[in-house]
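The listed protein sequences correspond, in order, to chains A and B.
Residue numbering for the first sequence follows this note's numbering, beginning at 1 and increasing consecutively.
Residue numbering for the second sequence follows this note's numbering, beginning at 1 and increasing consecutively.
Derived from the structure by calculation, the hints contain no laboratory data.
Hints are not guaranteed to be accurate.
As the list claims (entries may be wrong) - Subject to a maximum C-alpha distance of 25 Å in a straight line, what follows is the list of computed SDA-like cross-link-like pairs (lysine to any residue):
1. A:K17 - B:D409
2. A:K115 - B:I459
3. B:K113 - B:A454
4. A:K115 - B:L154
5. B:K253 - B:R448
6. B:K189 - B:A236
7. B:K113 - B:R423
8. A:K115 - B:E411
9. A:K133 - A:K17
10. B:K90 - B:R320
11. A:K115 - B:H449
12. B:K253 - B:L114
13. A:K115 - B:N424
14. A:K171 - B:E445
15. B:K253 - B:D440
16. A:K115 - B:A454
17. A:K115 - B:A432
18. A:K115 - B:G452
19. B:K87 - B:L154
20. B:K337 - B:D440
21. A:K17 - A:M73
22. A:K17 - B:D410
23. A:K171 - B:R423
24. A:K115 - B:D409
25. B:K90 - B:G35
26. A:K171 - A:G151
27. A:K115 - B:R460
28. A:K115 - B:D410
29. B:K189 - B:L154
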Amino acid sequence: MTDTLSISDLHVSVADKPILKGVSLTIHRGEIHALMGPNGSGKSTLGFAVLGHPGYEVTSGRIELNGRDVLAMEPHERARAGLFLAFQRPVAIPGVRMADFLRHAASNIRNPQRKEGEELIPMRQFRKELTEKMDQLKIDSEFARRYVNEGFSGGEMKRAEILQMAMLRPKFAILDETDSGLDVDAVRLASQSIAEIGAREMGILIITHHEQLLEHNPPDFAHVILGGKIVETGGPELAAELHKRGYDRIRAAHPEIVEDEAALTAH
Amino acid sequence: MESYLTPGFADRIFERSKLPPTPKTNVPGTLTPHGFLPELFDSFLAQRHEPEWLIALRREAWATFHELPLPDVSLEEWRRTDIRALKLDKFGLPDSQENGATPPPALLAEGVKLSGRTVAVDSRQLVTDLDREVAIRGVLFGSLDALVLDYPELLQPYLFTEAVDFRADKFAALHAACWSGGALLYVPKGVVVENPLHILSGLTAGGVDYGHTLIVLEEGAEATVLQETASADEDALGLHCGAIEIFVGPRAKLRYVNLQNWGKGAWHFAHQKGIVQRDGELQWTIGALGSRLAKVNQHVSLVGPGGSAQVNGVMFTEGRQHLSYHTLQRHHAPRCKSDLLYKGALQDHSRLVWRGMIKVDPHAQKTDGYQRDDNLLLSEDARADSIPGLEIEADDVKCSHGATAGRVDDEQVFYARCRGLTRNEAVRTIVAGFFQQVFDRIAIESVRHALGEAIGRRIREYN
Ligand SMILES: Nc1ncnc2c1ncn2[C@@H]1O[C@H](COP(=O)(O)OP(=O)(O)OP(=O)(O)O)[C@@H](O)[C@H]1O
Ligand SMILES: [Mg+2]
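The task is simple: from the sequences and hints, build the whole structure.
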């Protein structure tokens, strides 16, 4: 049976303000989904809710991973169950070396039963694997010694997120604007990298405002989110249309959501 | 023998200017605690067979101890550090009787090849050891109590002269009067001691430690000293009233690590000073994990051109611990560098106080001085006070300071949890990262490891 991540009728509030208003989405392992929508429509909120950010309260709806209740799990349990979020704005952890952080993370995720203080992946084995992945992603080897996201350029941060995904090999990954802040060449490299590290072996939700990231990862499905609801789902042609023509047609088709949106931003 | 007299003189004036006024009348009860009766002091002196000058010094300090009041919060330096709960009469002079105490385990020496070590418990030296190859090169290392009897002329110029002034306060005076169980390292001109020397001081329940550490490196000498303290009983009452005097000669290099790891029932009062001569280098790392209350004056004094002092501090406090550090980076000579970085993490109701000062003399041009104190608050109730200060009389200098206090960032915790770390692992990782900047400056692996482990063990479950 293929792994399945299913989100049904998800409602999420931030500081008591409803942001997601009934999102449903099912991803099978091996599929690529694109999620597009204007700024503030709730894309990042969906990613945070799936990983269990304590500031994002799920007020109703379900998230299930192969039938298991994801909402009952702690964020680290979700990560160990195979969920991954590439952050739109990765967080710096000063003083913690990328390699040490990733070794710890990979040890936990590959051995979900691991208790704090138990053996980590042997250093040699881990180093070898990390070096290989960094070569593959054309990331300078000096990177491993740097502190997590500290002083990284926008592009370096996004590449580091891809590197983490490559090392942690999740079942499902949400890539939140992994192309923003990258120059044209870097987006192409990122797009290739995602394909190379085996996007097809995962289920992927790519959140993006652009088309380039999808170049090497043609989506099986594209979804449009507006005002906290998925209002349209289609194939790759939908992503292409949005990229060319923007959200005007979609907005015109959903006047009530546009009103909601206006009311929200007026606050 | 090098003379430190000229530059040191200014220093002593400076120290004196900070003295509280000597009280005219004695307040009964607080000034002559039960354990410090004159006849006890006489018999303490009688057992030690020390040279005249030392006995005179001790007697003078003893008188000063009785004259000075216990400092209180009316003094600027003690404003944040309330010691009314200290009952000095619960303690007394060092006990000369063998009490069969065994030393608590040492952290810093683990896996380290040492050139020598000393172990004292309750102000009594139990073990002193020095490699023969090192000893034959003229290095003296071991019990200060014993070595001062063998080398009085050599050591007299260094004891309570240029570095520590016993008139600084009541604790300095008490220490100078009855120091005992001290350690000495003396390295002659040009001698390099390859492996670290280790000094351990222990306290048993109710014990006192008046340990004095004297380190003298002559011109071009090099050494590494690892010193630490520990208590046999984590919660028992104890008193450390100590001093450290460090003399780094021209072009000499000293790496000195001092870990204060007493149990949580110990009071810790210390005056510590390092004097660095022309082109000398002092790297001084302090770790502070223990004690109920600590009040420490840590001074570095750069008296010769081109001297440098790097000061590193790693503090972790919990429960109701209160640790107070008063640092002075004193630039007497031109082209010297001093660089202080303290980092503290606090949990529960604990408190850290740091008052720093960089003081630059008029002719100390091209001074490069820096001080920084960062604190990480792990609980709502912890509190850190950082008060940097600059007093600069030269006009061509580079001096600056910084201080931060912050909490563990929830977004950092969530990010790490998304990578499979539990909340606890995330907090531990973030705290370790916080200390990394200062650990990066400490080249000695055993020290980084010991401090890192000890801090890791102390961090509570945050669920
Ligand atoms: N932590 C937060 N605190 C307050 N408001 C928030 C928070 N997170 C999200 N919101 C609000 O929720 C709404 C959706 O935000 P979200 O970040 O999910 O949008 P997005 O679709 O990812 O936008 P973008 O394309 O700009 O990244 C916005 O109105 C935003 O201000
Ligand atoms: Mg977003």
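Results of checking the hints against the structure:
no., hint, in the structure
1, A:K17 - B:D409, "holds (23 Å)"
2, A:K115 - B:I459, "holds (16 Å)"
3, B:K113 - B:A454, "holds (21 Å)"
4, A:K115 - B:L154, "violated (57 Å)"
5, B:K253 - B:R448, "holds (20 Å)"
6, B:K189 - B:A236, "violated (43 Å)"
7, B:K113 - B:R423, "violated (38 Å)"
8, A:K115 - B:E411, "holds (23 Å)"
9, A:K133 - A:K17, "violated (41 Å)"
10, B:K90 - B:R320, "holds (21 Å)"
11, A:K115 - B:H449, "holds (21 Å)"
12, B:K253 - B:L114, "holds (18 Å)"
13, A:K115 - B:N424, "holds (11 Å)"
14, A:K171 - B:E445, "violated (39 Å)"
15, B:K253 - B:D440, "holds (19 Å)"
16, A:K115 - B:A454, "holds (19 Å)"
17, A:K115 - B:A432, "holds (19 Å)"
18, A:K115 - B:G452, "holds (19 Å)"
19, B:K87 - B:L154, "violated (37 Å)"
20, B:K337 - B:D440, "holds (19 Å)"
21, A:K17 - A:M73, "holds (23 Å)"
22, A:K17 - B:D410, "holds (20 Å)"
23, A:K171 - B:R423, "holds (22 Å)"
24, A:K115 - B:D409, "holds (23 Å)"
25, B:K90 - B:G35, "holds (7 Å)"
26, A:K171 - A:G151, "violated (30 Å)"
27, A:K115 - B:R460, "holds (16 Å)"
28, A:K115 - B:D410, "holds (22 Å)"
29, B:K189 - B:L154, "holds (14 Å)"
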